[in-house]
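J.: Based on the sequences and whatever the hints tell you, model everything.
Mapping of the sequence shown onto the numbering used here: position 52 corresponds to residue 88, and the numbering continues sequentially without gaps.
Simulated from the structure, these hints should not be mistaken for laboratory data. Ideal placement from N, C-alpha and C gives every residue a C-beta, glycine not left out. Please note that the accuracy of each hint is not assured.
[Claimed, not checked] Quick list of simulated restraints, FRET-style, between CB atoms: (1) K98 / P46: 30 to 38 Å; (2) G68 / P46: 41 to 49 Å; (3) D41 / K98: 40 to 48 Å; (4) A107 / N42: 41 to 49 Å.
[Said to hold, decoys possible] Straight line, CA to CA, 35 Å or less: simulated DSBU-like cross-link-like pairs of lysine-lysine: (5) K81 / K98; (6) K47 / K98; (7) K79 / K98; (8) K98 / K40; (9) K105 / K79; (10) K98 / K80.
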Amino acid sequence: MHYKDNPTFPKDFLWGASSSAWQVEGAVAEDGRAPAIIDLNSKKKKPYADNSIASDHYHFYKEDVQLMKEAG
37 MHYKDNPTFP KDFLWGASSS AWQVEGAVAE DGRAPAIIDL NSKKKKPYAD NSIASDHYHF
97 YKEDVQLMKE AG
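T.: This is the structure in structure tokens:
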């Protein structure tokens, strides 16, 4: 059977996720971090979101790792 005839994922298909640092990092002005181009773009260009408001993995990495563990 061709995929076009049965557009489903195989039973052993593994889903994943990804992000880029500016989307999750947070802490844009802490511990000696200098501004990056994305910091400037996110404040001036649309549709970029202000990356100073992020998922804040910098401060919540322990909780994030626990969530990843729970998700398998």
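J.: Could you run down the list of hints and mark each one as holding or not?
T.: Outcome of the hint check:
1. Here the CB-CB span from K98 to P46 is close to 34 Å, well matched to the stated 30 to 38 Å.
2. Under the hint 41 to 49 Å, the C-beta atoms of G68 and P46, about 47 Å apart, fit the expected range.
3. Separation of D41 from K98 is about 46 Å and conforms to the stated range, judged on CB atoms against 40 to 48 Å.
4. Look at A107 against N42: about 27 Å separates their beta carbons, and that is not inside 41 to 49 Å.
5. Under the criterion of a C-alpha separation no larger than 35 Å, the hint pairing K81 with K98 is consistent with the structure, at around 32 Å.
6. With a C-alpha separation of about 31 Å, the suggested pairing of K47 with K98 holds against the 35 Å cut-off.
7. Using a Cα cut-off of 35 Å, the hinted pair K79 and K98 holds, with the two alpha carbons roughly 28 Å apart.
8. The straight-line distance between the Cα atoms of K98 and K40 is roughly 42 Å, outside the 35 Å bound, and the hint therefore fails.
9. Our distance criterion of 35 Å between C-alpha atoms is met by K105 and K79, whose separation comes to about 34 Å.
10. Straight-line distance between C-alpha atoms of K98 and K80 comes to about 32 Å, which keeps the hinted pair within the 35 Å bound.
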